[in-house]
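Enquirer: Spelled out, the chains give:
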Amino acid sequence: MTGDGHFLELRGVEKRFGDNLVLRGIDMDVGEHAVVSLIGGSGSGKSTLLRCINALEPVDAGTIRVEGQLVSGPGVDVDRHRRDVGIVFQSFNLFPHMSVLQNVTLAPRQVLKLSKQDAEARADKLLERVGLVAKRGDYPDSLSGGQQQRVAIVRALAMQPKLMLLDEITSALDPELVAEVLNIVRELAHEGMTMLLATHEMSFCREVSSLVCFLDNGLICEQGPPEQIFTEPTNPRTQAFLKRIIAAGRL
Amino acid sequence: MEQFFNTFFSWEHFRESLPSVLRGFATNLSLMFVAEACVLVWGLVLALLRGARSRALAPVRWLAIGYIDLFRAIPGLVLIYMIGFGLPIAQVPVFGDFSQYQLAVLALTILYGAYVAEVYRAGIESIHWSQTAAARSLGLSQGKTMRFVVLPQAVRRVIPPLLNDFIGLQKDTALIGVIGVLDGFRRAQIYAGSEFNLTPFTSLALCFVVLTFPMTRFTDRLLKRDQQRLAARR
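Line order of the protein sequences matches chains A and B.
Going by our numbering, the residue at position 187 of the first sequence is 233; the numbering climbs one at a time, nothing skipped.
Going by our numbering, the residue at position 113 of the second sequence is 886; the numbering climbs one at a time, nothing skipped.
The set of hints was computed from the structure by calculation and includes no laboratory data.
Mixed in with the good hints there might be a few duds.
As the list claims (entries may be wrong) - Once the Cα atoms are required to be at most 30 Å apart in a straight line, the calculated DSS-like pairs of lysine-lysine come out as:
#1 B:997 to B:944
#2 B:917 to A:208
#3 A:181 to A:159
#4 B:944 to A:181
#5 A:162 to A:208
#6 B:917 to A:159
#7 A:171 to A:159
#8 A:171 to A:181
#9 A:171 to A:208
#10 B:917 to A:171
#11 A:162 to B:917
#12 A:162 to A:181
#13 A:208 to A:159
#14 A:208 to A:181
Starting from the given sequences, assemble the full structure and let the hints guide the process.
Expert: Have a look at this one:
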């Protein structure tokens, strides 16, 4: 580790889609084992920020470093970078033509060059943990949303990433399925997985986060420990956002 | 009326010409299998080149687009004639030494490769980019993402239109008689020329119907199933 010791370090990250400046200069530091939540309204840039960190979207300005290594901009080996950074999407994005086991073992076998047995052993261990080892031969279509999302988390974990990005992973789920997914995230947090999550689950965010960042209009308006953000936010925009969240009964 | 029946449906001529027509049709059959295999590969290569997104490959992409546009515009008969007679006369290296049969395969592959490339491309583009995002985010390269995630799903989706193009290809194998391959059409023509009777063409037509009809039915069923599946998802 180099630099000032932050695991993930963003400086002045900008991203535009056409004329629309979605990220307007994001500075952020995520320490190892930290759980950082991104909150904010839709269109505030949370998802875009996560995609930029995973190099799924190129940044237009600024730098992103992981363990001191520059991972944004031209000339970066994005495939190498992505091995260390797992992402879980709102809409699961499992591969529908593959069984659960094939979904989970594809990248370990093709990218990490694990043998079939090793990859399957690793997959089974993780599936066991999320209670889905019995579904290893099933296809995604036959699983519930919560089960699919748990498989998607396992698929990312099978690469043994150093950082997990969770992009509103419970937003597409029926309310009764949310808990089974959040329980896994909670466990990961307790085990010390470094995570960056965009979320609308405010009480969960308050419970697991070490740091909460409020994004508004492509900028981090306010950041701090969850107790401070949720009880005494200083920025008027944060206050207005939380008021709306409370009014909607989400906190 | 009797004249009409004798011309097309003479039992005597049918019996007499059938072995020759069947032997010719066997050539059509083998030609269609070989050409279909070649078309599957060549069409995929074209589709991948056409879909190449990196800037360095832009010239290749334009070439692929030009190729596809050109060969979809040329009538099959014209192309088969030009390749079957032209390449040997022009003494084109390698291709000039091909047999008539090999040149026929080449012509059909060049022609149908262009159609099938477009079918593949439609399939590849129909796969939602989130699938690519998921694969790339796991560290899979662009090539492996295409091979393991996009293509398997795309190919499944395009099987019905692919079969549709193959029906066209199967029928177009009857065009290769013009370059001297002794296929069903050519043999029927030879018989009809000496006996002044068209019954061998009727038998040949029957051969094609027997081959193609189940395939069109099957394709229609696949298409219908896909539409129902789409409707159910909405």
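Enquirer: For this structure, which hints from the list above don't hold up?
Expert: 4
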